[in-house]
Structures are given as structure tokens and as C-alpha cells.
Amino acid sequence: MNLNELKERLYVAVVSDVLDQMGYTHQATRIPFNAYTGIPKLMGRCKTTLWADMYDVDPNPYDLELKAVDSCQPGDVLIAAAGGSDRSGIWGELLSTAAQNSGCVGVIIHGGVRDIDKMRAMQFPVFATSRNPYDSQNRQRVIDMDVTVEIDGVRFSPGDMVMADEDGIVVIPKAIEQEVIQAALNKVSAENVTRDAIKNGMKATEAYLKFGIL
Amino acid sequence: MNLNELKERLYVAVVSDVLDQMGYTHQATRIPFNAYTGIPKLMGRCKTTLWADMYDVDPNPYDLELKAVDSCQPGDVLIAAAGGSDRSGIWGELLSTAAQNSGCVGVIIHGGVRDIDKMRAMQFPVFATSRNPYDSQNRQRVIDMDVTVEIDGVRFSPGDMVMADEDGIVVIPKAIEQEVIQAALNKVSAENVTRDAIKNGMKATEAYLKFGIL
Amino acid sequence: MNLNELKERLYVAVVSDVLDQMGYTHQATRIPFNAYTGIPKLMGRCKTTLWADMYDVDPNPYDLELKAVDSCQPGDVLIAAAGGSDRSGIWGELLSTAAQNSGCVGVIIHGGVRDIDKMRAMQFPVFATSRNPYDSQNRQRVIDMDVTVEIDGVRFSPGDMVMADEDGIVVIPKAIEQEVIQAALNKVSAENVTRDAIKNGMKATEAYLKFGIL
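Chains H, F and C are the protein sequences, given in the same order.
So the first sequence is numbered by our numbering: it starts at 1 and just counts up by one.
So the second sequence is numbered by our numbering: it starts at 1001 and just counts up by one.
So the third sequence is numbered by our numbering: it starts at 2001 and just counts up by one.
There may be inaccurate statements among the hints.
Said to hold, decoys possible - Computed cross-link-like contacts, DSSO-like style, restricted to lysine-lysine with a CA-CA straight-line distance of at most 30 Å:
| # | chain 1 | residue 1 | chain 2 | residue 2 |
| --- | --- | --- | --- | --- |
| 1 | H | K41 | C | K2187 |
| 2 | C | K2199 | C | K2187 |
| 3 | F | K1199 | H | K199 |
Stated by the list, open to error - Counterexamples of contact, computed for chain C against chain H with all Cβ distances above 12 Å:
| # | residue |
| --- | --- |
| 4 | T2029 |
| 5 | Q2137 |
| 6 | K2203 |
Rather than coming from a laboratory, the hints here were simulated on the basis of the structure.
Think of the CB as a built atom: it goes at the ideal place given N, C-alpha and C, for glycine as much as any other residue.
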């Protein structure tokens, strides 16, 4: 099953439930991310960047962020770990255009974005925690890329599968990827059976006793 | 006038104004609730649940929440007082399906919800303060139901009339329900007169002097 | 070029960038404003009001807010500097109706608004930081008008040009207005050239080297 079919069949909550049952109980973010460009679902592999605030003139403006977008591979999701900083809008139209050209399928920004209406017109998937009109130059910059980063206590490693939807964001560690995906597909089927039974009039208490799912 | 007609004619701000004038000045919430499933108005009678965070294995998972949804009566609005906890998504698709089957007309959740796209597809009214992909099992549970609860300092008692719209949420204490509804219907008419006068060119200062309404 | 054409051609981020380059680095708000009535862009001249919380009976309810809306001039944007207070909904349908009659083209409220569905039906542009069902009477009032006010550390002076869009809000000081507008129009053209080059396959690193814009 390819990435697009998986994106259609699965959703963040069911992947999180499966990870829970396997003992991986810190794989999803709880803080609110907004799908600012109106595309409510995203799936791909983590291409990570680590950002820091700065307060002086940048000797090499945009240096590593340009390298990061230019080195995206098809299916990558660019992750910007900026600690939720509200110092500037670190992601906008030009970086989106460049990332999309490199095959990037969307971005997850723990911080501010700008040019929202232009990125919506591009139909580029953007999940972020805030909006901010300020340019990042001399305010924030990428200090490392292709390293493990953390957002809201969740670790994103290069190449990990990541999924975002309206409920939140979940990361699947690479080592257990196949097992998680198979179990999640199975749980989707079981949830459908439970929901249909309730829809047809079975009480929730009885349905949970019978199917063990909620 | 039945519940649906009242829901069409009244709105939260006008009910809050009438309660204000009767000396009930703490009947509305100020914290932001989102109508996550896109249905911007809700009216019914409070069916209350009280939630607590937990950090160990639950011996009876989902016990009281299943009882609560299975015992809803037609016209009930399920209230989840969870203190705004961000520990999990305590409300989702299966509970919505069960509650709807019992006649519940919508929910107000002071905490996290999940399965948002599925609940939107069901057209089930959901007002909540946050989104969260984590299952509630072993994280949060209902510790009491059909008791008076508080959300943002406002008391919700079983059977009280509750209304939610884009401006917020207001509760009408049962003892003064008829009086409040009649006064609110009267104020809606008076506001229409004032607005039409201003629309036709009367200055706001003059309109307030003449009609005493803003 | 008139106000409406400028509003179409410019946007908050590009105006902020130009101000940045001229050394005006605190002209935009970072806190989230919502376009509650669904109109995502606003441009005009600041008509300022300063609000304070109150806790007793107001001897002259609505006094200065009525004067403010009645004295708006065509093209004015009413600014309500209320410190982000969540005490009440200080702006609603009747004030919107009166302001619109005076030529006001929209409002920016650092605080709560109510009657959101009615203001949306009016198609009146409302940017605000929160929603609140409570009447402002005996809770908040205007204590001064037509004075310089601050929102999120940004100064709004009477007659200053102000622009709001999905990215945020920016104020152009009157003394440098013509210079800023001309430079912003130039930067929009330069951004279009850069974006088209990237769209046509130029790497972002190369495009930044060549055009000096991001």
C-alpha cells in the first residue's frame, strides 16, 4: 500500500491507539496545530530542521533553511522545531515553493508562519502553531538539520513516518513502522464493526463488552 | 414554543443580557469553545459528567462514560466537566454515535476531543476547548454523573437549559427558566427596533437615549 | 492609487518587511487576531479608543463608545485597545451598524466581541482576539478616544494607516507613509520575480543569491 492509500485509510487517533497498546505512549502532540492552508491531512517522512531565536544581525541569512528545502526528497514532510517561538514567521510562500519543487509534501512548523493566503492558493499543506507577519531574518534561523528534534515532548527523527490531521500529529518510529501500520489497518476495521453495531441500536456498554473497542 | 424554535429565535448574548439584568451575572463561559464539527448553535438540557485525570491502569475502563451516554434522554446536551485537561481526547466518534442514539442533541466538552472529521461527517454538534489524539483510557475517566458541575466558574446542573453559539455558552437555572426565556424573546424584538433605527441613519447616541438598548 | 487598490496589491508581511528594512522593527502584532466575520483583509486609518475594566455600576453607560462610532470618518478603522481583557464582549452588532453608517470600514479589537453571526451577516470586517457573550455595561468602558494606544507593544496613532490580514496587523507611521507604500509595491514585484524563478526550477539557494529576497 503506498503513502497516499495509507493516508486515506488511517488517521492520527487510530495510529496513536496502536502505539499506546505497544507501550509507545508519547508519540503524539497535544498542543494545537492549525492546518492554516485548509488541507486537513498530511503523511510522509520527517525531514527535520532545528531553529533558534537570535537577536543580532545574521552573517549568513537563510543559510541552512535554504539548504534544507533544496535537499528535500519526494514524500518528505519538513519539520521545523522552533520551540513554539513567536518571534517571527519562519515559513512562507517562497520556502513553500522551493520545498514543493524538491518533492516535499507539506510542513509541520512548531512556531509562526506567514503568507498564509498565498500558501493556500498553492494548495500546500501547512500545519503550524501560530501566524506571524515578521520576517525570520535576524530573528530566527536554522541551527541544525537532519537531526532528531522534539516538539511538545515528542521525538521526530529523520526518515520517521509522520501523520497530521485535525486531531493532532503522530510519529511512528522507523523500527516498528510495518507492525504499527498493519495493526492500525486492523483497528480501523474493528472500529467500523463497533460503530455499525451502535448505529444499529446496540447500547455502548454492550458494544464495548462485545468488541472491546472504544 | 419548542426547543428548536427557541434555538432559532434566541442567542447566547441576549440570554446572558437578560440574566445580567435579573442579577445572575455568572451564567456564561468566557473561555474559547470551538464548534469543531461546524454546527454553530446548540440548545438542550444538561446531562452532566465529571471527569478526572488518572495516571495508572484503569480497572474499569470507560465504565461511567458508557453509562452516561446510554442513559441520555431526548433533548439532552452531554456536559463533560474535565477541568480543561489536555491529557487526552475524552470524546470521539463512538461515544457520539451512542449518545446520538439515546437522543442526545450535542456535547459541550471542557477538554479534548478526537475523531473530529468523523463527528463532522455525522453532523453531530460538538463544542470543546481542545483537540487531542490520545485515547482517554488510563489517562482520564468519568468519576461522577448527574451532579452539578462547574466550567470556567459557571454551574451546570442536571436538567438546566443550556445554549451554545459562536459567542459562548450560557446556562439558565431551572427555577427562572420561563421568566428568562420570555424576557429574552422581548429583548430580541427591542434590539431589532434599535438596529433598524440605526440602519436608517439614527446616530447610536440618539438610539441609545431613545431605546435604552445596546 | 486609492485605499482599495492598495489593499488588493499589498499584504501585511511585505509592509512589515519594508518597515524592518527602514529600521521600524516593532510595527506588527504577534498575538493571534481572528477575522471572526470571515473577511480576511482590512485597510484604513486608525480611529482609536482606549478601554478599561470596571467593577461597579457605570454612571454613563456606553458614553464614549457611542461618541467614537458616531464620529468615525469614511475609511476609518476603529481600534479598541482593551488590553486583551476577557471581561466582556465590548463590540457587537449595534456598534457595528452605527460605525458602518459613519463610514467605518472595519474594527480591530484587542479583547472580546459578541454577536458574531449577526456581524458576519452584515459582512462587517471584525478582527479581534476573543469572543465573549457578556455585555460590556458595568464591566468595561471607553476611557479615552482619538489618542495614541498600544496593542501588543505596537503603537496605533489617530490617522495612521493600518492593515490587517491572515498573517497579522501592521501600522504605518504617518510620517513615512508614502515611502513605505512605494517600497512595498516594489518589493511585491521583486517577490513575484523570485517566486516565478523558483517555480520554474531554480534552487532556493541560487534564487536568494541572485535576487536577494526571501
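Tested hints:
no., hint, verdict
1, H/K41 x C/K2187, "violated (33 Å)"
2, C/K2199 x C/K2187, "holds (18 Å)"
3, F/K1199 x H/K199, "violated (49 Å)"
4, T2029, "violated (8 Å)"
5, Q2137, "holds (33 Å)"
6, K2203, "violated (5 Å)"
When held up to the earlier numbered hints, the structure conflicts with 1, 3, 4 and 6 and fits the remainder.
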